[in-house]
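Visitor: Spelled out from the first residue to the last, the chains are:
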Amino acid sequence: MEVYDGEFITELESIAKKVRWHSIRMIYEAGSGHPGGSLSVTDILVVLYFHIMKHDPKNPDWPDRDRFVLSKGHSAPALYAVLAEAGYFPVDELLTLRKMGSRLQGHPCMRKTPGVEMSTGSLGHGLAAGNGMALAAKLDRKLYRIYVVLGDGEMDVGENWEAAMLASHYKLDNVIAYVDRNKLQLDGPTEKIMSIEPLADKWKAFGWHVIEINGHNMKEIIQATNEAKSVKGKPSVIICHTIKGRGVSFMEGALHFHGKAPDEKEFNQAMKELGAVE
Amino acid sequence: MTWKTESQRKQYGRALVELGKERSDIVVLDADLSSSTRTSDFAATFPERFFNVGIAEQNMMDTAAGLAASGKTVFASTFAVFGTGRCYDQIRQSIAYPQLNIKIVASHAGITVGGDGASHQIIEDIALMRVLPNMTVIVPVDSVETYKVIKAIAKTKGPVYVRMGRADVPTLTDENATFEMKNASVMRDGEDVTLIGCGIMVSRCLEAAEELAKHGVDARVINLHTIKPLDEKTIVKAARETGGVVTAEEHSVIMGMGSAVALCLVENFHVPMKRVGIPDTFGESGSCNELMEKYGLTVEHIVEAAHDVLKRKK
Ligand SMILES: Cc1ncc(C[n+]2csc(CCOP(=O)(O)OP(=O)(O)O)c2C)c(N)n1
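As they're listed, the protein sequences go chains L and S.
So in our numbering, spot 103 of the first sequence is number 110, and the numbers just go up one at a time.
So in our numbering, spot 244 of the second sequence is number 273, and the numbers just go up one at a time.
If you are wondering where the hints come from, they were derived from the structure by calculation, not from laboratory data.
Computed from a prediction, not measured in an experiment: that's the story for all the values here.
Glycine included, each C-beta is placed from N, C-alpha and C at the ideal position.
Don't take each hint at face value.
[Stated by the list, open to error] Quick look at which bits of chain L chain S covers, simulated, 3 or more residues with Cβ under 8 Å: (1) 105-117; (2) 161-170.
[Claimed, not checked] Derived DMTMM-like pairs (lysine to aspartate or glutamate); straight-line CA-CA distance at most 25 Å: (3) K267/L to E35/S; (4) K65/L to D147/L; (5) K323/S to E36/L; (6) K39/S to D270/L; (7) K226/L to E259/L; (8) K119/L to D309/S; (9) K25/L to E271/L; (10) K106/L to E322/S; (11) K267/L to E319/S; (12) K106/L to E329/S; (13) K267/L to D197/S; (14) K243/S to E333/S; (15) K323/S to E100/L; (16) K342/S to D221/S; (17) K119/L to E153/S; (18) K106/L to D197/S; (19) K106/L to E153/S; (20) K209/L to D91/S.
[Said to hold, decoys possible] Sample of chain S residues with no beta-carbon within 12 Å of chain L, all distances over it, derived: (21) E51; (22) L201; (23) D221; (24) V295; (25) N297.
Could you build the full structure based on these sequences and the hints that come with them?
Guide: Here it is in structure tokens:
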């Protein structure tokens with residue numbers, strides 16, 4: 008078991024707060040976008056980019072880098088904010104999100120944004136694409152890993168289960184998937200729109216090593232990832248229990264902030280709540 | 030020119046609820062976008078005849094097939110990008126081939142989706158649906174026509190694809206006019222050139238006609254709401270009487286409405302022609318107006334195309 012000093016975890020937490028602050032500013036400035044899922048997925052992304060993954064922002068094409076796929080591409084603001092904070096492109100560029108000519112498209116585009124490994128936005132493609140990268144790693148005898156983040160509503164998509172089958176069939180222990188289990192999809196709660204439970208049992212039945220954690224606890228994300236990395240001969244999935252809209256009081260658990268920008272008053276309130284640290 | 034604008038989806042929602050009241054065989058499916066497509070109105074009124082399949086468009090189309098094979102009239106809705114390309118094989122094998130009574134009514138088609146970017150801006154859906162045997166393809170011009178189209182297709186048997194946009198669109202048609210699928214609507218008479226538009230491009234054709242009139246050019250404008258089956262008679266007649274045709278669509282110029290018109294004219298009556306539409310490229314994030322400008326879908330583009338056609342007219 009690793010030991011974490013409090014300071015290091017506090018630093019990750021303060022990066023996460025900054026990323027949430029960026030995300031809301033970007034969406035407000037763009038006038039559209041998806042705040043809810045960007046806020047729920049933030050802590051996972053921060054741990055991956057600032058602690059777990061081997062990557063080099065100055066050399067995004069480094070062949071041995073770990074790969075990241077944001078399958079729930081509508082949470083692009085959080086990914087862009089993390090990439091900018093990590094140094095892939097200037098933080099100033101974040102406010103060009105969704106604007107004409109910007110490198111920051113509404114949904115991730117691997118041909119436009121440094122650091123984006125796969126174009127996503129239509130749900131359900133990311134895990135299979137991640138598997139492809141994992142197969143290539145095995146073919147090339149490379150040790151890099153593939154980290155894929157999925158939505159819980161996205162679990163409805165059949166292709167995920169085709170990909171789940173493939174990953175365990177080919178023993179892709181270099182794939183680690185995270186499900187952002189924030190309990191809401193677009194039209195309502197997942198268990199009301201299309202029930203996905205028992206989710207852990209489903210993944211287990213498909214041959215995956217399954218871990219369940221609090222997706223807002225940095226230590227738990229790190230520990231679960233390290234456990235997943237130690238598993239041999241099968242892929243791992245970490246079901247991260249999260250809160251949609253996490254970090255902005257009135258967005259937490261609020262369905263209508265799935266895909267709507269805050270108005271001016273809401274924006275100011277959110278900034279107040281997210282700016283409070285330092 | 031100024032028109033009132035309204036959301037097509039709003040009228041879709043209204044028409045569905047009315048149909049639900051009139052007929053017990055109407056069943057509606059959606060794939061986790063009911064609040065956007067407005068099938069939510071039907072869901073609230075007839076919860077027992079509404080099924081949200083979750084984010085699973087392929088599943089939705091085959092489920093629709095089973096319902097239709099059991100005597101139901103099915104409306105299946107989602108965004109156009111997910112309701113055509115994502116589930117093309119399901120539509121081909123289980124809807125078009127067996128000629129089942131399913132109406133795919135999709136919103137958020139085309140580049141005017143705006144900020145979401147290319148992943149969500151489908152510019153190929155007319156092509157994909159048009160090439161399928163047995164499929165009817167309709168692009169209602171405004172919210173008033175959308176309402177009538179929904180009512181009309183509920184009465185027909187067989188597969189239909191209806192394309193709607195995200196944005197509010199100018200109301201060009203009259204509530205009291207009857208909608209006839211087989212007849213393209215002539216919105217303005219003219220003798221020098223014909224501008225054929227579909228969807229949001231029809232209002233731009235009308236504006237282009239005004240602009241052309243200032244230069245003494247008398248343009249006819251046609252709302253080609255039904256792309257398949259194609260109203261060849263109206264198109265050929267316009268070509269014969271005006272001697273030149275411009276088409277305008279918010280779709281790839283490859284295999285969309287303009288291509289359908291071009292093929293019709295090649296085989297029936299040759300005239301100089303120009304297609305206004307999105308060149309062979311994906312879109313990007315931006316505002317509607319910026320995108321329309323960059324991808325060649327403005328009034329100026331139509332006017333320019335008309336002048337080009339006029340020059341080539343003998
Ligand atoms: C194939 C596909 N169908 C529909 C959509 C529209 N859509 C965007 S986000 C979303 C809900 C996603 O829910 P979830 O995966 O739980 O994401 P989160 O709650 O984390 O934002 C839907 C239906 C899409 N992007 N792709």
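Visitor: Are the hints correct? Go through all of them and say.
Guide: Hint-by-hint comparison with the structure:
1. 105-117: holds (count 10)
2. 161-170: Satisfied; 4 residues make the cut.
3. K267/L to E35/S: Cα-Cα ~20 Å, so holds.
4. K65/L to D147/L: 23 Å, holds
5. K323/S to E36/L: Answer holds: K323/S to E36/L is near 22 Å, not above 25 Å.
6. K39/S to D270/L: Holds: K39/S and D270/L sit about 23 Å apart, inside 25 Å.
7. K226/L to E259/L: It holds: about 22 Å lies between the C-alpha atoms, which stays within 25 Å.
8. K119/L to D309/S: 18 Å, holds
9. K25/L to E271/L: Measuring from Cα to Cα gives roughly 19 Å; hence the hint holds.
10. K106/L to E322/S: 14 Å, holds
11. K267/L to E319/S: 21 Å, holds
12. K106/L to E329/S: 23 Å, holds
13. K267/L to D197/S: 17 Å, holds
14. K243/S to E333/S: Holds. K243/S to E333/S sits at ~14 Å (cutoff 25 Å).
15. K323/S to E100/L: Holds, at roughly 22 Å.
16. K342/S to D221/S: Distance ~9 Å between K342/S and D221/S Cα, so the pair holds.
17. K119/L to E153/S: 22 Å, holds
18. K106/L to D197/S: 20 Å, holds
19. K106/L to E153/S: OK: K106/L and E153/S at ~23 Å, within 25 Å.
20. K209/L to D91/S: 23 Å, holds
21. E51: For E51/S, whose nearest Cβ neighbour in chain L is about 26 Å away, the distance exceeds 12 Å, so it holds.
22. L201: Given a closest Cβ separation of 27 Å, the condition holds.
23. D221: Label holds. Min Cβ-Cβ 35 Å, cutoff 12 Å.
24. V295: 35 Å, holds
25. N297: Fine: 39 Å to the nearest Cβ keeps N297/S off the interface.
Checked against the numbered hints given earlier, the structure satisfies every one of them.
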